[in-house]
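K.L.:
Each chain, written out:
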Amino acid sequence: MAIIEFTSKGIYCPQGRFYIDPWQPVDLAVTTHGHADHVKWGNKAYLCHDLTKPILKQRLGLDLPVETLPYGKQILINGVKVSLHPAGHVIGSAQIRLEYKGEICVVSGDYKVEYDGISTAFEPVRCHSFVSESTFGLPIYKWQPQQEIFKEISNWVSDNHDQQKTSVLIAYSLGKAQRLIKNLSAQCPIYVHSSIANLNEGLIKAGVDLPETIRITPEIKKETLQQGIVIVPPALADGKWMKSLQSAATGICSGWMQVRAGRRWRSADAGFALSDHADWQGLLQAIHETGAEKVYVTHGFVSPFTKYLNEIGITASEVQTRYGEEEEETAETVTNLKEA
Amino acid sequence: MKRFAQLIHELENSNKTNDKLAALVGYFSTANDKDKPYVIALFTGKKPRRPVSTALIREWATQLSQIPDWLFAESYHSVGDLSETIALILPPASKQTDKPLNQWITELAQLNGQTDEEKKTFILDAWDQLNTKERFIFNKLISGNFRIGISSKMLVNALAKQSDTDSSKIMHSIMGKWDPSEITYTELIEGVHVNTDSSWPYPFCLAYALEAEADNLGQPQEWQAEWKWDGIRGQIVKRNGELFIWSRGEELVTAQFPELSFLMDELPDGTVLDGEILSVKDGKVQPFSILQQRLNRKTISKNQLNEIPVGFFMYDLLEYKAKDVREQPLSERRALLEEITMQLKTKDIAVLSPVITYESWTELAEIRQESRAMNSEGIMLKKLTSAYHSGRKKGDWWKWKINPYTIDTVMIYAQKGSGRRANHFTDYTFAIRDGEQLITIAKAYSGLTDKEIKEVDSFVRKNAIEKFGPVRTVKPELVFEIAFEGIAISKRHKAGLALRFPRIARWRKDKIAAEINTLEDLRQLYTSTL
Ligand SMILES: [Zn+2]
Ligand SMILES: [Zn+2]
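Here the protein sequences line up with chains F and H, keeping their order. Residue numbers for the first sequence, in the numbering used here: 4 to 343. Residue numbers for the second sequence, in the numbering used here: 751 to 1280.
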């Protein structure tokens, strides 16, 4: 019996009788992080990192049956040793380490190797088999150091202030939003959409240190917003509210902005290639550091990345999952959040 | 190069025309004077000879980045632009320089005639001193294809603003013959190499679409009716022995239509005509798809001149005996125009666009039904007392277009675009039936309401059959009515036919996939337009 299996419900550990990031309801869902594509509603129990708990409660309901673990603490589930290790992707994101009869497998969920100053830094975990994402698994994706990107964003904001334009940054509520807040709050006040404000409140309550932000309400004057930075999730990028802002300049923060076609297609004014995923080198580095004999490649540029790993001597195979659309918070999730 | 890279960055960092204009004006106010003519040449598509082949550039980039060929191909496929793929894939530069743009272009030109080894040394060294953005530009300089969404019109407007010069003068100047290595920016703006006093055009008078019933326009006899032709709206200027043909895009297209050059000898000096450039064969106006094959070519072959002869259908007279006559009523201008046409020795090439005679609006409405057979888009209505306005003015000129063609198609692919991460599937590909097969006929983006887009989006998510990168193959189930303006033969399309301006007219929820149109239907439609 293999330590993990890829089933129609998700990644399954038959010995432990639990799933990791299942997309169909199961008894126990061990959860890597709080993005919508990695955690679904309807499981009987959830196990995740301490800091993922407030996120799940915000997103899926306060009565959710969630157990938590800190990083590095090992527990036994039906004889399988289970521990969580930082994935550096977003706050609370974890790689799940499984060990049974000496065989070790790590399911990494989503990860990035650059430390973002807010999510616990990625930690390589030695294992026999490694499940890796491949969101940016092509050599055209090479991130600039984040300080340079933030400098670019900050200059853009200053230019907008000079031209009396409102700077609107479009970023996912979990991950990018907190990074932007942390790195830009010294420059000017930050106004955030309710979905981000709600999430932040939960995180702050759980002990995360986040600079102060202002929740956008209908009472806030459009002229006031112009003095600061506005952050909204992608689902609102084309919404009515955005259109009501006079002379807004929009900037999308996403790894896809690395490519001009990505920027053009989204018809934003500016694109900043800021990502919570590892770039090409990051993926390769992480995989090397695990020392894994076998790599399972999930969501992203699955085929070329798998092919390349095999060519450089790392046994890899493609795995079909339902992950990869987490960043597309639908309008519905955003409304749910508003009501929460 | 850094200043130019900054300009490109600014141009790409906004999708608002005013910002782009400001970026261009800023550039031409502050950049290296020697660079400016080169930038104008680049933006207007003046191509230098390509010094290194695409194959070599690609080979060297693949070697340098130490990736297999297939992975380069995969990356290129994802990026969609070779210069950009190379810029992204190369290892980081080891040094930094800021050589002026003109020097880079000159050095690239000097590569012509050198050995491949020498070329390689130069290119690799260049890549090693440029950052990603600069490399992208450098690669574009090699290819000569520097199109980044700046129309020559926008460039001209920026130059006009920056130098406080009339924009038509600048357009004439940059359309003329000049070499960026020999001319200064000031000379180019002043147009020392051309006589800009002769060429200036008038603004075109434009019509609004007639939404109401024609009856509301009053008495039929107060209106002149003409066919609305589907060609290139053109203004022909003859002054001081020179002839200029301006398109509505305010570009000089004189050289593209040698058939009309006789007007230089036959039109009196101080004459300006408004009309339509059309493909006319044996007296019959051809569809736009035929004329299209003549457009935007650097050279025109004898064969093309024989196959697709061009004519000019005159609508109006703007300048007569060197006098601006635009304020005179249309009826008087038309009389003078007829007089000028009579005096042309060469007949049948530049002709009066016929006036339609009709007694009542009902009769005209009937005549309008024949528009398609005439290869016309409908009818133009112009008040006989009207002046020739600058631009669009409501009330005097109306276009009374016929409805577009439509076909029913089924959606087979949906896409989120190259960025992969927009919120919804909004780009669709549609097919028609060819026997038992479905065959792609059009791609269309717009035309649905937000609510419909959401509905289609959820259908795509539930009914995706296959994933090809960002593309989803979906169950052929949703039927859409596609509207379009014309059909042309196309070797690039599997159907052998391509639609002009396809767009979604409506979602036919009342129809099922079995009811869509066939390739045969479309072929018949095409034949009927010839
Ligand atoms: Zn994620
Ligand atoms: Zn993911």
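Derived by calculation from the structure, the hints in this document are not laboratory data. Just so it is clear, the structure is predicted and the values come from calculations on it, not from any experiment. A couple of the hints might just be wrong.
Sample of chain F residues facing chain H (criterion: CB under 8 Å; computed from the structure) [to be verified]:
1. Arg-100
2. Pro-142
3. Lys-185
4. Asp-272
5. Ala-273
6. Glu-314
Here are the computed distance ranges between Cβ atoms for each label pair [unchecked claim]:
7. F:Glu-222 x H:Asp-878: 29 to 37 Å
8. F:Thr-220 x H:Lys-784: 48 to 56 Å
9. H:Glu-1227 x F:Met-245: 26 to 34 Å
10. F:Met-245 x H:Arg-897: 44 to 52 Å
11. F:Ile-207 x H:Tyr-958: 55 to 63 Å
12. F:Asp-165 x H:Ser-917: 24 to 32 Å
13. H:Lys-1225 x F:Glu-222: 44 to 52 Å
14. F:Ser-250 x H:Lys-1095: 57 to 65 Å
15. F:Thr-220 x H:Ser-1240: 49 to 57 Å
16. F:Ile-223 x H:Ser-1240: 25 to 33 Å
17. F:Glu-215 x H:Arg-1211: 23 to 31 Å
18. F:Met-245 x H:Lys-1097: 42 to 50 Å
19. H:Glu-937 x F:Arg-218: 53 to 61 Å
20. F:Met-245 x H:Ala-962: 44 to 52 Å
All C-beta atoms, glycine included, are put in the ideal place defined by N, C-alpha and C.
K.L.:
Hint by hint, say whether it matches the structure.
P.N.:
Status of each hint after checking the structure:
1. Arg-100: Result: violated, 30 Å to nearest chain H Cβ.
2. Pro-142: holds, 5 Å
3. Lys-185: Result: violated, 23 Å to nearest chain H Cβ.
4. Asp-272: holds, 5 Å
5. Ala-273: holds, 5 Å
6. Glu-314: At 7 Å from the nearest chain H Cβ, Glu-314 (chain F) passes the 8 Å test, so the hint holds.
7. F:Glu-222 x H:Asp-878: 29 to 37 Å: violated, 55 Å
8. F:Thr-220 x H:Lys-784: 48 to 56 Å: With Cβ atoms ~55 Å apart, the hint holds.
9. H:Glu-1227 x F:Met-245: 26 to 34 Å: With a Cβ separation near 33 Å, Glu-1227 (chain H) and Met-245 (chain F) satisfy 26 to 34 Å, so the hint holds.
10. F:Met-245 x H:Arg-897: 44 to 52 Å: violated, 29 Å
11. F:Ile-207 x H:Tyr-958: 55 to 63 Å: Since the Cβ atoms of Ile-207 (chain F) and Tyr-958 (chain H) sit about 57 Å apart, the hinted range of 55 to 63 Å holds.
12. F:Asp-165 x H:Ser-917: 24 to 32 Å: holds, 28 Å
13. H:Lys-1225 x F:Glu-222: 44 to 52 Å: holds, 47 Å
14. F:Ser-250 x H:Lys-1095: 57 to 65 Å: holds, 58 Å
15. F:Thr-220 x H:Ser-1240: 49 to 57 Å: Once the Cβ atoms are compared, 54 Å apart, the range 49 to 57 Å for Ser-1240 (chain H) and Thr-220 (chain F) holds.
16. F:Ile-223 x H:Ser-1240: 25 to 33 Å: violated, 53 Å
17. F:Glu-215 x H:Arg-1211: 23 to 31 Å: Roughly 38 Å apart at Cβ, these two residues miss the hinted range, so it is violated.
18. F:Met-245 x H:Lys-1097: 42 to 50 Å: violated, 59 Å
19. H:Glu-937 x F:Arg-218: 53 to 61 Å: holds, 59 Å
20. F:Met-245 x H:Ala-962: 44 to 52 Å: Given a distance of about 35 Å, which is not inside 44 to 52 Å, the answer is violated.
Of the numbered hints listed earlier, those contradicted by the structure are 1, 3, 7, 10, 16, 17, 18 and 20.
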